[in-house]
Amino acid sequence: MEFTQKQNLKVVSALLFLTVITQALYTLFTQWQVRYPVCVSGG
Amino acid sequence: MASEVPRLCLWGLEGVVFVVLAAIAGSALVQAKQYALGFSAIFTSAILNLVQVGVGLTQFGPLREAAQGVEAIAPAAGSVVAFSFFIYNAAKILLGISALVFGTAISQSGSKELGRLTVFVGFVAIATNTIVMMFGRIEAIPSGATGVIATLLLAVCLLKLQSED
Chain P
658 MEFTQKQNLK VVSALLFLTV ITQALYTLFT QWQVRYPVCV SGG
Chain A
11 MASEVPRLCL WGLEGVVFVV LAAIAGSALV QAKQYALGFS AIFTSAILNL VQVGVGLTQF
71 GPLREAAQGV EAIAPAAGSV VAFSFFIYNA AKILLGISAL VFGTAISQSG SKELGRLTVF
131 VGFVAIATNT IVMMFGRIEA IPSGATGVIA TLLLAVCLLK LQSED
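Going line by line, the protein sequences match chains P and A. Using this note's numbering, you'd call the opening residue of the first sequence number 658 and step up by one each time. Using this note's numbering, you'd call the opening residue of the second sequence number 11 and step up by one each time.
Quick caveat, the hints were computed from the structure, so don't treat them as lab data. One thing to keep in mind: the hints can contain errors.
[To be verified] Calculated cross-link-like contacts (lysine-lysine; reagent style DSS-like; alpha-carbon spacing at most 30 angstroms):
#1 A/K122 to P/K667
#2 A/K43 to P/K663
#3 P/K663 to A/K122
#4 A/K43 to A/K122
#5 P/K667 to A/K43
[Unchecked claim] If the Cβ cut is set under 10 angstroms, some of the chain A residues that face chain P in the computed set are:
#6 W21
#7 A84
#8 A155
Note that the structure is predicted; figures quoted are calculated from it, not measured. The beta-carbon is built from N, C-alpha and C at its ideal position, and this holds for glycine as well.
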């Protein structure tokens, strides 16, 4: 299996978008955890 | 433990994304007739990010638990966290370099505003992450946020570039 350079660019940009989304979700989660520690810990 | 699940899921997902990103960016680097520096920076950042996520996933939890039981371990646990952030900031500098390369390319090929913005944010990401790497974490310097914005703009530039080719 070989990707063309055009396909490489598409996949790399999609993966970079995915890393941005996961980091945004992680930040939201940690903020939420700080604000509502009881809800997150299940207590 | 419930609070650990989303964190583990997100870091686990990120780990897989960085593995695939390293493979595809490496493929792009080998095939590249131009922008080799940009692809090289993305490839290397993926490897560094993988190391950083791996340290977070496998070492933060046990070290935190150990530090709660034995106070003397706390500095060692702190040093592992600091190492992880050091690698994280190095990866953000690389993404900033890539944003400079592809931002410049885009600004010369049509989308001047997007290109200039990407170059600017890439430069800011390089500067802020360099400061944090040198002097340790500083709350007032949003090194992570600038790196993430540079990554977002870099991704947009890559999409633009492939549609223009």
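A quick look at each hint next to the structure:
1. This hinted pair checks out: A/K122 and P/K667 have alpha carbons roughly 21 angstroms apart, not beyond 30 angstroms.
2. A threshold of 30 angstroms between alpha carbons decides the hint, and for A/K43 with P/K663 the separation of about 12 angstroms falls inside it, so the pair holds.
3. Annotation: proposed proximity of P/K663 to A/K122 holds, straight-line Cα distance about 22 angstroms (limit 30 angstroms).
4. Restraint check for A/K43 and A/K122: satisfied, since their Cα atoms lie roughly 22 angstroms apart, inside the 30 angstroms limit.
5. Annotation: proposed proximity of P/K667 to A/K43 holds, straight-line Cα distance about 17 angstroms (limit 30 angstroms).
6. The beta carbon of A/W21 is positioned within 10 angstroms of a beta carbon in chain P (closest approach about 8 angstroms), and the interface hint is therefore held.
7. Look at A/A84: its Cβ only gets to about 21 angstroms from chain P, farther than 10 angstroms, so that hint breaks.
8. Given the 10 angstroms rule on beta carbons, the hint for A/A155 holds: about 9 angstroms separates it from the nearest Cβ of chain P.
Of the numbered hints stated above, the single one contradicted by the structure is hint 7.
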